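Asks: Chain by chain, the residues:
Protein chains: 6
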Amino acid sequence: MEKIQVGWKKIEEIAGEQGVKTMKEVQDFSPKLAKMAVEHGYGDIYSDDTLDLKQRTLITLSSLISQGDQGTALTFHFKIALRAGLTKEEILEVINHCSGYVGFPKAIASLSIFKKVYSEYENENK
Amino acid sequence: MEKIQVGWKKIEEIAGEQGVKTMKEVQDFSPKLAKMAVEHGYGDIYSDDTLDLKQRTLITLSSLISQGDQGTALTFHFKIALRAGLTKEEILEVINHCSGYVGFPKAIASLSIFKKVYSEYENENK
Amino acid sequence: MEKIQVGWKKIEEIAGEQGVKTMKEVQDFSPKLAKMAVEHGYGDIYSDDTLDLKQRTLITLSSLISQGDQGTALTFHFKIALRAGLTKEEILEVINHCSGYVGFPKAIASLSIFKKVYSEYENENK
Amino acid sequence: MEKIQVGWKKIEEIAGEQGVKTMKEVQDFSPKLAKMAVEHGYGDIYSDDTLDLKQRTLITLSSLISQGDQGTALTFHFKIALRAGLTKEEILEVINHCSGYVGFPKAIASLSIFKKVYSEYENENK
Amino acid sequence: MEKIQVGWKKIEEIAGEQGVKTMKEVQDFSPKLAKMAVEHGYGDIYSDDTLDLKQRTLITLSSLISQGDQGTALTFHFKIALRAGLTKEEILEVINHCSGYVGFPKAIASLSIFKKVYSEYENENK
Amino acid sequence: MEKIQVGWKKIEEIAGEQGVKTMKEVQDFSPKLAKMAVEHGYGDIYSDDTLDLKQRTLITLSSLISQGDQGTALTFHFKIALRAGLTKEEILEVINHCSGYVGFPKAIASLSIFKKVYSEYENENK
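Protein chains in written order, with the numbering used here: chain A, 1 to 126; chain B, 1 to 126; chain C, 1 to 126; chain D, 1 to 126; chain E, 1 to 126; chain F, 1 to 126.
Source of the hints: derived by calculation from the structure; they are not laboratory data.
Possibly wrong hints are sitting among the right ones.
As the list claims (entries may be wrong) - Quick look at which bits of chain E chain F covers, simulated, 3 or more residues with Cβ under 8 Å:
| id | region |
| --- | --- |
| 1 | 32-44 |
| 2 | 85-91 |
Stated by the list, open to error - Footprint (simulated), chain E over chain C, 3 or more residues, beta carbon under 8 Å:
| id | region |
| --- | --- |
| 3 | 11-21 |
| 4 | 55-61 |
| 5 | 64-73 |
| 6 | 98-109 |
It should be emphasised that the depicted structure is a prediction, and the values quoted were computed from it without experimental measurement.
For every residue, glycine included, the Cβ atom is placed at its ideal position computed from N, Cα and C.
Chain A with its partners taken away, still in its complex shape (with noise of 0.2 Å):
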């Protein structure tokens, strides 16, 4: 199977239909930007099983408080964090932890995109 295949698996495995649609919208416009994201973010990088799931979860949502994200990309991967098990304290914590390094703005910012997100997450799975 080629990396562009492992990807796009990868990416329904972790980000269910929903999260494959949001990459497909990325394609439409741009298919290279896709097939990059793809290939490198998801055959490349969470393909890889040194580090587990739920780690890479962490990870990322550290990465992308850390750099401001403005909702984009942290509510995409808000909702891979509660499909991989995290529950909502576990969450919330890693953006207390963010907050000594980063600071309390960012830490706050971050904490209505996981209101919203974690909100609807509920509404879907009552």
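Knowing the structure of chain A, use the given hints to seat chains B, C, D, E and F on it.
Replies: Frame of chain A; chains B, C, D, E and F shown alone:
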């Protein structure tokens, strides 16, 4: 036990005597900054067991790589990671993972910091 | 009085009831993040009188403009700045000053946030 | 001709009437910030012919994508890029290129800003 | 007096002969960058008396700490801060304040830069 | 030819033997990071001819200056820029241009990195 004491104990537990010494040097020049870092960073954050030390280390390393830390904090926390039992391969994979989220320059810059830390660590633990 | 109480009192003093309400909303979803922000941010930092409130506000605004805050924290702290007695001209000059240190895009982005805050502030204080 | 006039002329040349209008709005609320942006940004920088407009646009877009600009400046400069004759494919490739240097989240976030700008541009130029 | 002259005079006033020398070294290799920094940074910004020098120094230090400046600019501006009459305690408190807004790693990294500057300053002013 | 081979060939073409050696050092300590950087960075990105090498160099330099790269990557890419035929004046103007977008501290910090690279380059090409 007061939070400040909890914090100092936690630093000793995870960063060893060398870690305590580093924080004492901060304290010598800026008692208040050290006090806040110990209370907030180690008393509040690392002492909470919602996440374990390995998980916290992944979050910390990702935050530092993502903000382009030039060595002061990365050196300190790469050592904590090795002490916490993360293998060389796992730490390299944290850096690999971050390359997709913050690009290759920050990944490669932190690689060379880790290379130095790892080489010292190996010498000390022969 | 415990540090957490000192912190809440300080928020009320500098940010008014509206500021307390904003922090209570953080607390509703993440009690620990609010606790750390109140204790560390307001109990430790704003309650120290080595620098006065106007000086602290200049430091805070500069930090937020420099890290590209998208509004959550800048809105909160522009209000505090106006309440602290900084004039419109002084706050505009903070933004002007920052343009040389972080470039025009972040200066102009924060200008449009301040424009909204100032317009609301004027309406409330007619 | 004074530098401020050179600057305003340059904005009109590269960003059109719409660009002048945007800068006039900055000027209405903060005359000094507009003055500095026009003199320094357009009188000093864009008016220098060591680099041509297409080259300057590549530099500007890369800087904005790399600092995680959330739209105010990127929208303005994507329009300038299209007016300068950069094709959709070339602009997409700027974003692709940046993905390796700042990671996929900032690349994808700027892609969605460009998508909006491009769609408007196409409608206006039918 | 032209803006460039106003700027050079202002540098001499606030940064002394050593400050002028530093900017002349920039000028030797890049006359235009020096010209823009002097005109925009010192002619436009520092020469405006809406904010006084102590206030501007607080804003500058906060911006540099927040963007993770590794020493070139922080060294220059810590010296200006001391010359402007800010005490060691006040400057340490700027760093303390920033720890809540950008996290401990950047605060501690800038502390060690300040430690060096302060030690030199003390030796020169015995 | 596989993408990894395309990538290594591209590095040799644009960065010469010295560039290959630098990437081989990354490979010695972290084979996977080197593989991803070569495939993604050079196989996918630099090998695409939608933009030419001079254009890509402008984009890269702007990204590195904007993210405050402290030298590892800027040194590598200033050399590529000179090899690609960008003149000293053009590279200085990239830095000048960036000063308006990210402020003077990052511009001046990257100037001193370029000064060193340029001085070595001149010595080697006498």
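Asks: Evaluate each hint against the coordinates.
Replies: Going through the hints against the structure:
Check result for the region 32-44 of chain E against chain F: holds, 6 residues qualifying (beta carbon to beta carbon below 8 Å, three or more required). Coverage of the region 85-91 of chain E by chain F is violated. Counting CB-CB distances below 8 Å, 0 residues qualify, and the rule asks for three or more. Interface restraint, the region 11-21 of chain C with chain E: violated (0 residues with C-beta to C-beta distance below 8 Å; minimum three). For the region 55-61 of chain C, the assignment as covered by chain E holds, since 6 residues bring a beta-carbon within under 8 Å of that chain's beta-carbons and 3 suffice.
Beta-carbon proximity to chain E at under 8 Å applies to 4 residues in the region 64-73 of chain C; the threshold of 3 is reached and the given coverage holds. Chain E is given as covering the region 98-109 of chain C, and this holds because 5 residues of the stretch bring a CB closer than 8 Å to a CB of that chain, at least three being needed.
Consistency note: the structure conflicts with the earlier hints numbered 2, 3.
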